[in-house]
Amino acid sequence: MNTGTYSTTGELAKHATLILGALIVILPFYVMVSFSLKSPQEIGTHAGGFFGSQQAFLDQYCVKLGNPEADCWRNPAAYNYGNAFKKAPLLRYLLNGVIVTVSIFVIQVLIALPCAYALAKLRFWGRELVFGLVLFCLLIPVHAIALPLYIMLANVGLTNTYAALVIPWTISVFGIFLMRQFFKTVPDDLIDAARMDGMSEFGIVWKVMLPCAIPALMAFAIFSVVAHWNDYFWPRVVLTGSRDLYTPPLGLREFQGGLDGADTGPLMATATVIVIPLLVAFLLAQRKFIEGITLSGMK
Amino acid sequence: MILRHTRLAGYSFVLPALVLMFVILLVPVLVAAVLSFTDYSLGNSTADWLAWKNYEKIFTRSSYQKMLWASALYVLIVVPVSIALGLAAALAIHSLRFGANLYKTIYFLPVMAALLAMAIVWETALHPTIGIVNRSLEAGCGGWVETFFSWGWISGVDPEGSWYASSCEEGFPLWLGEKRYALATICFIGIWQAFGFNMVLYLAGLTGIPRELIQAAAMDGARSGWQRFRLVTWPMLGPTTVFVVTITAIRSFQVFDTVEALTEGGPSKTTYVMMYAIYEKAVEQNLMGMGSAITIVFLMLVMVMTALQRYMVERRVHYS
Amino acid sequence: MDIKLERIVKSFGSATAVDHVDLHIKAGEFLTLVGPSGCGKSTLLRIIAGLESQTSGSVSIGGDTVDAVRPSERNLAMVFQSYALYPHLSVRENMTVPLRLRDLSAVERMPLLGNLFPSRATKMHAIRSKIDQAAETLQISHLLERKPGELSGGQRQRVAVGRAMVRQPTAFLMDEPLSNLDAALRVHMRTEISGLHRSLKTTFIYVTHDQAEALTMSSRMAVMMDGQILQVDTPERIYRNPADLRVAQFVGSPRMNIFPGEVDSLGRIQTLEFSLDNVASEPVQGNVSVGFRPEHLRIVNGSGGHDFTLKVTHKENLGADYFIHGAVADGNHQVIVRATPEEVTGVSIGDELGIGCSKPSSLVFGDSNKRIDLRPGLTQ
Chain A
3 MNTGTYSTTG ELAKHATLIL GALIVILPFY VMVSFSLKSP QEIGTHAGGF FGSQQAFLDQ
63 YCVKLGNPEA DCWRNPAAYN YGNAFKKAPL LRYLLNGVIV TVSIFVIQVL IALPCAYALA
123 KLRFWGRELV FGLVLFCLLI PVHAIALPLY IMLANVGLTN TYAALVIPWT ISVFGIFLMR
183 QFFKTVPDDL IDAARMDGMS EFGIVWKVML PCAIPALMAF AIFSVVAHWN DYFWPRVVLT
243 GSRDLYTPPL GLREFQGGLD GADTGPLMAT ATVIVIPLLV AFLLAQRKFI EGITLSGMK
Chain B
113 MILRHTRLAG YSFVLPALVL MFVILLVPVL VAAVLSFTDY SLGNSTADWL AWKNYEKIFT
173 RSSYQKMLWA SALYVLIVVP VSIALGLAAA LAIHSLRFGA NLYKTIYFLP VMAALLAMAI
233 VWETALHPTI GIVNRSLEAG CGGWVETFFS WGWISGVDPE GSWYASSCEE GFPLWLGEKR
293 YALATICFIG IWQAFGFNMV LYLAGLTGIP RELIQAAAMD GARSGWQRFR LVTWPMLGPT
353 TVFVVTITAI RSFQVFDTVE ALTEGGPSKT TYVMMYAIYE KAVEQNLMGM GSAITIVFLM
413 LVMVMTALQR YMVERRVHYS
Chain C
17 MDIKLERIVK SFGSATAVDH VDLHIKAGEF LTLVGPSGCG KSTLLRIIAG LESQTSGSVS
77 IGGDTVDAVR PSERNLAMVF QSYALYPHLS VRENMTVPLR LRDLSAVERM PLLGNLFPSR
137 ATKMHAIRSK IDQAAETLQI SHLLERKPGE LSGGQRQRVA VGRAMVRQPT AFLMDEPLSN
197 LDAALRVHMR TEISGLHRSL KTTFIYVTHD QAEALTMSSR MAVMMDGQIL QVDTPERIYR
257 NPADLRVAQF VGSPRMNIFP GEVDSLGRIQ TLEFSLDNVA SEPVQGNVSV GFRPEHLRIV
317 NGSGGHDFTL KVTHKENLGA DYFIHGAVAD GNHQVIVRAT PEEVTGVSIG DELGIGCSKP
377 SSLVFGDSNK RIDLRPGLTQ
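Protein chains in written order, with the numbering used here: chain A, 3 to 301; chain B, 113 to 432; chain C, 17 to 396.
A hint or two may mislead.
Calculated pairs, DSS-like style, for lysine-lysine (alpha carbon to alpha carbon, straight line, at most 27 Å) [stated by the list, open to error]:
#1 LYS216/B - LYS16/A
#2 LYS165/B - LYS178/B
#3 LYS146/C - LYS209/A
#4 LYS327/C - LYS386/C
#5 LYS186/A - LYS217/C
#6 LYS217/C - LYS20/C
#7 LYS386/C - LYS375/C
#8 LYS375/C - LYS331/C
#9 LYS66/A - LYS89/A
#10 LYS20/C - LYS42/C
#11 LYS139/C - LYS163/C
#12 LYS169/B - LYS291/B
#13 LYS163/C - LYS290/A
#14 LYS146/C - LYS163/C
#15 LYS163/C - LYS209/A
#16 LYS42/C - LYS217/C
#17 LYS186/A - LYS209/A
#18 LYS209/A - LYS139/C
#19 LYS290/A - LYS216/B
#20 LYS178/B - LYS291/B
#21 LYS217/C - LYS146/C
Since the hints were made in silico from the structure, they are not lab data.
Sequences and hints are given; from them, build the entire structure.
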């Protein structure tokens, strides 16, 4: 917007507004981390600032169980995070999250890459038709058809399995579209050279196209992993029974539902554990992440 | 023959994707379309043909009308506000001399965080007793903050009747529990989460505008920043805006996490958005026919929006 | 081994890229396929390579038909215009790929399992020494561990040649390999590639749109236009004795001067304001084109003895030579005349010059651009 001249007052006003906005944006993160470090009393009375006093407090529940009072003094942060892992199988949830997001990404790539290569570089009858279908399928958000998918999975007895969590996401038409656009920019000569060298078409996909597409693939990986790590709707629909398969958001929700409201500290600790990995990764590789998350803007 | 060889490779590479596209994306649409005319439930081997009854209900029964209304209201609030804020933030950040990256990072944080987790955190922050929001508001009562926000210093305004003053008297609202505030609060969280995404897209759009163009506008006599914005920046951001509007609209239409975790559609269906309705009808109450009908209506709306966007973009850009 | 093309046709939909081409490439020769862009020369090369399948006709290498043989099994190596080096692999790895795929069996290529086979180690050792040897020949030994992105254009070019060389192919196919280089390097690489051909004594099939490259490098050149080969011969004969007007105009820089002419019933040929000494040896009559290369025209001082006059529009100084551009007096024809610096002293733009033609050197083309042979006229 500027034309090279700056006014200091304008700049200051902008900073003031942006800082105010930043405070509102950060507010819940502040609450989350701060509460996860505080004792129940401190949460109730808003004492202790951001980090809490970190003074040991008496665990009433522990006393109720008949333990001697001396054994029931707890450090707030340790208590909150300890309970996050003890009261609910949080580790299990995290593991599930990793299993599901990684499987989804790997299968998406296995399916999308050869298809994208064929659509970008191979000549065969019906290619434009397939690409047209890809463009059409881009119109269908998977969440919107969750219900019929659920019915279909239920009818083949696949609900409450890892498969149910992964299957609907195995086909990423967006991934196909994106990689096709990228592959179009790879020179034909390179593919012909590989053919002359004796590579099969299958070999070309994984040994020539894939290494060339690493930047695009990285962005897509971030796009995919963030979306599925954070996804709540689909696991909510398709997991109705055992908690063993719960993904992190579902586990957190379950934890919240089972609380009487007194255990805000452990709840916030759980939320922190779930949210922090992606935030840290984001802070470490901001440019890549922003690129990946806004990928859908590349269309 | 070489051609045949690559052609076969082509078919075998496309086949898995093609099969999955049919089974996972196209067949379900058909399944939903068929079931939407029935009263199918899971576990029943048969279902009765209801023809258009499910659809009739959607458009005549008051609970479904409330659903359509809640979804529409949510989209109509979240889309313009989050886009306006995103654009404003992008413009401000783009023109900063320093600190731009820091703001960008902070504003993008909500996009990365699991919405469900943050919804639960917001609930804590908005909690009537332990929540930081109401507590801070209460702390302002009786002091200069109340005096200021009661607007008594503006002539003609009765400070006693102001929202802040009366809330100080009667207590600040239960943000998620009161009919008046629930949808607005859900919208607020939606905006909080979405505007950073829009900001980043607008920032990308802004860097794409050549500096010379803005300088040329200045030379042509567009003196004020606003004039230059109207003349160059806004039109140049056209494609970005088209995209941002559709993607935000489609995402807002799919709002679910916050509603499920915080209000479960209530109070009195003020936050009964479509995705939640599908979930409640189909998954919780096993009314698959009704759920399918809502799914189809939902799908229509989403596809119309995307097609509209595609049409508007295609007039400028072509895939090849 | 000889490479033979028989009645090769390639059409894309309704367009014909290669139109009934017959070509016999002898073992060890440097054959250039030259022609303007879009003439089908690259398509023809790709058909030989097996990267494109012909619509009809057949290709044979060493007497065996290879139409159904995949590119990698034809034992040909190709150097591409864009070099086509794998960007993620080092130079050494780039050169290893074709040998690994050819010499190692599928199990031997497997990441860890392959190491269990003792044969792998000996094969890899052989491959390594082949690459070192090729790198030495091409003087790229110091670049072997680098990635293509870290190399200059000329270095990439060498690596691309090296990758082709290590396979010891029946023939090298080169598709405009020099056109991505800057002018000075391009001239230098011409001599290097010729040198390589001399030392390897392998067949080179070289595609270019640059007639100068074709003239300087090849043992024979095939001039292609509109999908057809118009003439195949040594560079000298193509230049002196073009069989087709299009060949005559394409080869040689600056272009040959062409004047409209007419043959009378006795075979005498009249052009501009003069007639040729020779007459047509065939009974042709009517309109013809008469061509003179710039070096076959000369400035004639004085009032008499010239064949036509020319108004100078431009003097092009090439140092050793001058090219005088001008318009023939009738104003319809542009002419280029080669002259020595001495001849052009005192000549300035706008001057009228008398031009003489070396009539025995003239080339006459008749209907459908075909060359018309001449014989001494009776008047002589």
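Structure-based check of each hint:
no.	hint	verdict
1	LYS216/B - LYS16/A	holds (14 Å)
2	LYS165/B - LYS178/B	holds (18 Å)
3	LYS146/C - LYS209/A	holds (23 Å)
4	LYS327/C - LYS386/C	violated (31 Å)
5	LYS186/A - LYS217/C	violated (38 Å)
6	LYS217/C - LYS20/C	holds (18 Å)
7	LYS386/C - LYS375/C	holds (19 Å)
8	LYS375/C - LYS331/C	holds (24 Å)
9	LYS66/A - LYS89/A	holds (17 Å)
10	LYS20/C - LYS42/C	holds (8 Å)
11	LYS139/C - LYS163/C	holds (24 Å)
12	LYS169/B - LYS291/B	holds (24 Å)
13	LYS163/C - LYS290/A	holds (24 Å)
14	LYS146/C - LYS163/C	holds (19 Å)
15	LYS163/C - LYS209/A	holds (16 Å)
16	LYS42/C - LYS217/C	holds (12 Å)
17	LYS186/A - LYS209/A	holds (17 Å)
18	LYS209/A - LYS139/C	holds (21 Å)
19	LYS290/A - LYS216/B	holds (14 Å)
20	LYS178/B - LYS291/B	holds (13 Å)
21	LYS217/C - LYS146/C	holds (18 Å)
In terms of the numbered hints stated before, the structure departs from hints 4 and 5, listed from lowest to highest.
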